[in-house]
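**Student:** Sequence:
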Amino acid sequence: VQLQACGGGLVQAGGSLRVSCLVSGSIFSATGMGWYRQAPGKQRELVARISSLGATQYGDSVKGRFTISRDNAKNTVCLQMNGLKPEDTAVYYCKSGWSIAGGYWGQGTLVTVSS
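If you read the sequence shown in this note's numbering, its first letter stands for residue 1081, the second for the next number, and so on.
Keep in mind the hints are simulated off the structure, nothing from the lab. In this text, all values refer to a predicted model and were calculated from it rather than measured experimentally. Treat the hints with care, since some could be wrong.
[Said to hold, decoys possible] Restricting the straight-line Cα-Cα distance to at most 30 Å, the calculated cross-link-like pairs of lysine-lysine (DSS-like) are:
id: 1; residue 1: Lys1122; residue 2: Lys1165
id: 2; residue 1: Lys1143; residue 2: Lys1122
id: 3; residue 1: Lys1143; residue 2: Lys1165
id: 4; residue 1: Lys1154; residue 2: Lys1143
All chains should be modelled from the sequences, with the hints used to inform the complete structure.
**Tutor:** Right, dumping it as structure tokens:
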């Protein structure tokens, strides 16, 4: 199973960015997917996750600003990030599975939000 994330970059505060993750080698449609992030000196935290049936859950700090979605035909999970803040700066990782345990991790993509 391989997860390849892309779409990170540098954006000004208040701006938007979309990160995507392409999954290969698994039955994507039957798998929950999640986005996590890790800022320097901090623990990795859940940003958002989506079940195989489309149920979603968000971290408190991103509720109302970020949206997770999936396209089972393209084996892709995306995270649309609006209203970005400097504290959103982190490496964003996609992961297979609903929980943080088990599953597979992508390589991470850096999102930098300037003030």
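**Student:** Against each hint, give a clear statement of whether it holds in the structure.
**Tutor:** Going down the list of hints, with the structure as the test:
| no. | hint | result |
| --- | --- | --- |
| 1 | Lys1122 to Lys1165 | 17 Å, holds |
| 2 | Lys1143 to Lys1122 | 20 Å, holds |
| 3 | Lys1143 to Lys1165 | 13 Å, holds |
| 4 | Lys1154 to Lys1143 | 26 Å, holds |
Violated hints: none; the structure is consistent with every hint.
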